[in-house]
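Asker: Based on the sequences and whatever the hints tell you, model everything.
Sequential numbering from 90 applies to the sequence shown in my numbering.
If you are wondering where the hints come from, they were derived from the structure by calculation, not from laboratory data. Keep in mind it's a predicted model, so treat the numbers as computed, not measured. Just so you know, not all the hints are guaranteed correct.
[What the hints assert, rightly or not] Computed list of lysine-lysine pairs in DSSO-like fashion (alpha-carbon distance at most 30 Å, straight line):
1. K577 to K372
2. K577 to K188
3. K372 to K239
4. K229 to K239
5. K190 to K367
[As the list claims (entries may be wrong)] The calculated label-pair distances, taken between Cβ atoms and stated as ranges, are:
6. T505 to A117: 16 to 22 Å
7. A95 to F468: 25 to 31 Å
8. G579 to L510: 36 to 42 Å
9. G557 to F468: 17 to 23 Å
10. R455 to R124: 19 to 25 Å
11. F483 to D356: 52 to 58 Å
All residues carry an ideal CB built from backbone N, CA and C; glycine is no exception.
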Amino acid sequence: MDLVTAILSGLDAFVLGYVLVFFVVNVAFGLLSARSIGETLATEHVRPALDREHDRFLPHVTLLVPAYNEEVTICDSIRSLLRLRYPSFEIVVCNDGSKDKTVAELLRAFHFVRVELDYDEQLVTAPIRSFYEVRGPLPKGLTRLVLIDKDNGGKADALNACINVAQGEYVTSMDADSLLTPDALLLAARPIVEDREGIVAVGVQVGISNGSLVEDGRVVEMRLPKTWIGRFQIVEYMRSFAQGRVAFASLRSLLVLSGVFALVRRDLVLAIGGFLTKTMRSKVGIEYCGAGVRTVCEDMEIVVRLHRYLHDKRLPGKISILPFPTAWTEAPENYRDLGKQRSRWYRGLLEVLSYHRAMMFNPRFRQVGLFSLPYQLLFEAAAPVLECTGYILFVVTLALGILSLKALLTFLALATGMNLLLSTLSILLCVGTERGTTAAAEGLSLFRYKRLGHVLLLLLTGFLSNVGYRQYLMLWQLRGLWDFIKGKQGWDKFARKGFAPKPAG
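Answerer: Structure representation (structure tokens):
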């Protein structure tokens with residue numbers, strides 16, 4: 090019994106140390122993010138991105154829109170893109186073998202005409218069925234609106250097909266269910282203009298549109314969803330983007346650019362073989378990941394591979410992120426869909442860490458190899474396993490009669506308090522984010538929840554997420570671990586509800 094007690098005490102000390110290190114690192118992240126947010130907002134206040142609306146020196150950009158069974162949201166999303174204020178951009182939509190009316194909805198809503206395009210298959214994809222293009226007047230700044238209809242090959246395959254058609258110097262990876270602010274491209278291009286040779290990719294913070302009012306492809310008023318599941322996810326997104334990714338970008342070690350909207354240099358995407366698919370033929374891609382492999386976390390994988398390529402070739406390159414949202418997405422509205430999404434995300438994380446394990450703890454890859462990848466392994470990949478182990482230890486020590494109620498309550502209070510503090514810090518960073526007066530006056534930045542009741546409800550949500558919600562996601566992550574071990578490749582896509590329209594009057 091003494092040996093068992095000693096082992097359990099050692100495990101308790103390990104778990105306590107793990108939680109404290111996680112807390113200290115994330116508080117540091119919050120401070121780094123606060124500084125970065127302040128600097129970016131000051132720049133926007135002095136030089137609003139809209140001032141560059143007619144700047145012909147901005148890079149030509151191609152928006153890549155992969156779509157699979159998106160009939161509910163695809164037209165609103167495209168209308169959102171047509172509102173973009175940017176001097177030169179094009180939109181390439183790829184229907185990835187949808188089984189619903191995605192193509193029919195696009196043909197109905199827009200004036201697409203079937204055409205033959207000069208298709209250079211630099212990246213191998215599933216067979217192309219047909220090309221369509223809008224012929225006629227286009228909004229100012231938009232040079233082309235193209236639709237590709239192809240056999241199903243997955244999101245990464247659809248993005249590669251779009252890249253083959255793209256003419257832009259930079260391409261975006263984005264979701265067909267996302268909405269962008271009209272100045273999203275101008276904001277994303279600002280870091281590129283300021284450091285043309287150094288910036289290779291730019292990401293943005295993402296907001297959840299559930300509950301907000303949408304009018305003709307634009308979020309006109311931010312509101313909290315009526316369901317707790319939606320509120321829980323809003324707090325999660327705030328912690329992930331405002332506290333985590335902004336800090337990682339400050340340390341030049343950002344590993345994830347949200348698939349909702351991100352900007353990447355096209356020549357580098359081609360150089361590393363495009364997004365990871367089973368048909369990848371690039372020597373760089375196969376060398377790094379192996380032939381015939383795929384991932385359900387293509388947005389993270391391509392960023393890690395980009396870091397690896399730049400370090401291998403000793404090329405300069407920095408990945409930046411905007412500290413305020415310029416894009417919105419629809420989150421799952423029921424717990425089963427949410428669970429499947431998080432299981433897939435966790436499985437994708439394990440896939441990426443496995444594919445690029447040679448970078449882990451490798452000083453050749455600097456901050457990425459020595460900090461951000463180990464962080465993902467220790468505090469993201471290992472977290473659900475350690476948390477589940479903690480619950481098992483609780484049951485075992487309770488059964489053996491060696492559980493100290495005082496120690497347990499102290500630990501639970503400490504863990505809950507630290508988690509609440511981190512959530513509160515993220516929420517305050519987000520709700521206090523207000524861009525320059527020019528943009529705000531035109532309604533181009535609508536991230537702030539203006540009602541005090543909304544802010545207080547978010548703070549309460551951060552507290553309540555500790556009980557039940559987090560444990561539910563942990564179980565689905567463990568299922569993702571099991572799926573990874575089995576080698577599952579499925580996507581488990583959830584059905585979209587559609588954006589809430591602004592009521593008449």
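Asker: Determine for every hint whether it applies to the structure shown.
Answerer: Hint check:
With a CA separation close to 25 Å, the supplied pair K577 and K372 stays within the 30 Å bound. Of the pairs offered as hints, the one joining K577 and K188 holds, with about 22 Å between alpha carbons and a cut-off of 30 Å not exceeded. Our distance criterion of 30 Å between C-alpha atoms is met by K372 and K239, whose separation comes to about 25 Å. Using a Cα cut-off of 30 Å, the hinted pair K229 and K239 holds, with the two alpha carbons roughly 29 Å apart.
For the hint pairing K190 with K367, the CA-to-CA distance comes to about 27 Å; that is within 30 Å, so the pair holds. Separated by about 21 Å at the C-beta atoms, T505 and A117 satisfy the suggested range of 16 to 22 Å. Roughly 27 Å separates the CB atoms of A95 and F468, a value that falls within the hinted 25 to 31 Å. Take G579 and L510: their Cβ atoms lie about 38 Å apart, and the range 36 to 42 Å holds.
Checking the proposed 17 to 23 Å range against G557 and F468 shows it holds: the Cβ atoms sit about 22 Å from each other. Between R455 and R124 the beta carbons are some 21 Å apart, a value that agrees with the proposed interval 19 to 25 Å. Checked against the given bound of 52 to 58 Å, the beta carbons of F483 and D356, roughly 53 Å apart, stay inside it.
In the structure shown, no violation is registered for any of the earlier numbered hints.
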